[in-house]
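**Student:** Using the hints provided, position chain B relative to the given structure of chain A.
Taken in sequence, the protein lines are chains A and B. The opening residue of the first sequence carries number 1 in the numbering used here; numbering runs sequentially from there. The opening residue of the second sequence carries number 1001 in the numbering used here; numbering runs sequentially from there.
FYI, nobody ran anything at the bench for these hints, they're computed from the structure. Some clues are possibly wrong.
[Said to hold, decoys possible] Every beta carbon over 12 Å from chain B, so not counted as near; a handful from chain A, in silico:
{"#": "1", "residue": "L48"}
{"#": "2", "residue": "H49"}
{"#": "3", "residue": "A76"}
{"#": "4", "residue": "G97"}
{"#": "5", "residue": "L112"}
{"#": "6", "residue": "R119"}
{"#": "7", "residue": "G141"}
{"#": "8", "residue": "L207"}
{"#": "9", "residue": "P208"}
{"#": "10", "residue": "T223"}
{"#": "11", "residue": "R279"}
[Claimed, not checked] Taking beta-carbon pairs under 10 Å as the criterion, some of the chain B residues facing chain A (in silico):
{"#": "12", "residue": "S1012"}
{"#": "13", "residue": "I1023"}
{"#": "14", "residue": "V1034"}
{"#": "15", "residue": "S1045"}
{"#": "16", "residue": "W1080"}
{"#": "17", "residue": "G1083"}
{"#": "18", "residue": "V1090"}
{"#": "19", "residue": "T1183"}
{"#": "20", "residue": "M1205"}
Just so it is clear, CB atoms sit at the ideal spot from N, CA and C, and this is done for glycine as well.
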Amino acid sequence: MGAAPASRDVTSYGMGLAAPLALFFLLFFVAPLLQLLWLSLHNDTTALHWGLGQYLHFLTDPFSLSVLGSTLLLGAEVTAVCLVLGFPIAWLYQRVGPKLQTIIILIVLLPLLTSVVVRTFAWIVILGRQGIINATLQSLGIIDTPLKLLYTQFGVVLALAQVQMPLMTLPLITALGRIDPNLDDASCSLGAGSWRTFFRIVLPLALPGVIAGCTLTYAAAITAFITQSLIGGGQMLFMPMYLYQQASTLQNWPFAAAISIIFLLAVLAVVSVFTTLGRMSRGYGGA
Amino acid sequence: MSGRKRTLEAMSFELFMTAVAAIALVIIIAPSLVVLIVSFTSGFSLRFPPPGYSLRWYAELWNAWQLHFAAKNSLIVALWATGLSVGLGVAAALAISRSRALSARLLDSLFMSPLVLPALAFGLAALMLFSLVGLPVSPLTLVIGHTVVCVPYVVRNTVAALAQLEPTLLESSAVLGASRLYTFRRVVLPLIRPGIIAGAFIAFMSSFDNVPVSLFLRDAATDMLPIRMWQDLEGKLDVTIAALSGVLIIATVALVAIMERVTGLSRRLTN
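Chain A on its own, in the form it takes in the complex:
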């Protein structure tokens, strides 16, 4: 009855099944990115003259460099805030009963699946001139005139940290769950205090999760263009909006392509630094 040859491995499927998606990616993901690279290597908008003019323009223009710098800095600030706030959540998760665990995980998960525009809109309501923070401070008599919170670096970092927090917290919960709880007890019974145990035992062992969380948070924060533009306003420009303006409003496609490639390379560089750190930390904590 058409029995398969005995040598054939019934537990795996042929690579042919990956062919449709591979072809789809080749046509609609790899080809566009190659075309982007090709266009960025032209000096004029009609793409007739080859050259590195677009890159030279970007790398010698103080304005462009400052946009790149502030974007990378923004990512670092958001990642730091997410780590400081997200780690205690993951720590608490491991110490409470299953009921509270489900509640914590759902609180963390919900924003991840709620529309980014909705989440950003919420921060406009909170940070605005008539928003909750200003209204509360004014009614308490602490301030007379509303503070400027919207359209500031503080506002953008706070809103982005909330929007990206799940990306940090979920890998941390996974990583802390893999640590043997006896290590904690052993460290304490050997005389190390809780703080020392945390910094010398728990944190190093959770390093793979920290690095995974940082990678995801960083990449998401610097590309989160809705939150950046709505909370940052017109005066604060970051790479995604810069790229959009050049492509859409100014129709300067080769320069927009060069911005994209530089931005892609910056993201890739950060991700590979984190990945290398992750590999090193696994050797350290995985034993």
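**Tutor:** Structure of chain B alone, referenced to chain A:
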């Protein structure tokens, strides 16, 4: 004496961590609650707390045909992109999950890369290619672009579900004379179905919420909901958007609750 010192020290640590965790959880949940409360205001501004409560802005939403139109487009594109992602993604996951070959690992990285690369750069790149080959932007280009950025969720969740599958089950099924197709339908598929559904759900939500790809790949006639909302918010702060946000938050909570039941979503994302 030293024992007492140690408990104080332990307490200070636990108090600190619990307090920061509590603050962080409040920061995570507060914005959604604030929007939900403001959306029931009876006034004309987004003032918090509202001067009074009413359903007037939800009634207003009922007549906002522009938003209805945009929501319908977003829903259709998200459904097509999710369908395509499941078809292509599950097949690819089957091929790469049990293979140790280098090609399988390379394909895995390729299929995952849209998750970390800036979607806006991909949107621009796709637009350039489509205009080069003379394919005008349309709902079709939207579906293609959305599928590229959504398929990683399906691949990742399906691969994770397949990794939990006992290979001996497949061997026993084959020994008992079942064909590969029969084994797939009766053994593999039922076991990995929750993983596929979880992946499809996340893919659907991320397509419905996508702005960067839609921004470049939609035509002028195809308004998408998150873009419509974004542009409304850039102009003026409209309470109707708060009501719409309320609807989206409640729908998300309901869908997550269903998915938690059907697929154990929370455990999937922390394993």
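**Student:** Honestly, which of those hints from before does the structure not fit?
**Tutor:** Of the numbered hints, 5, 6, 10, 16 and 17 do not hold.
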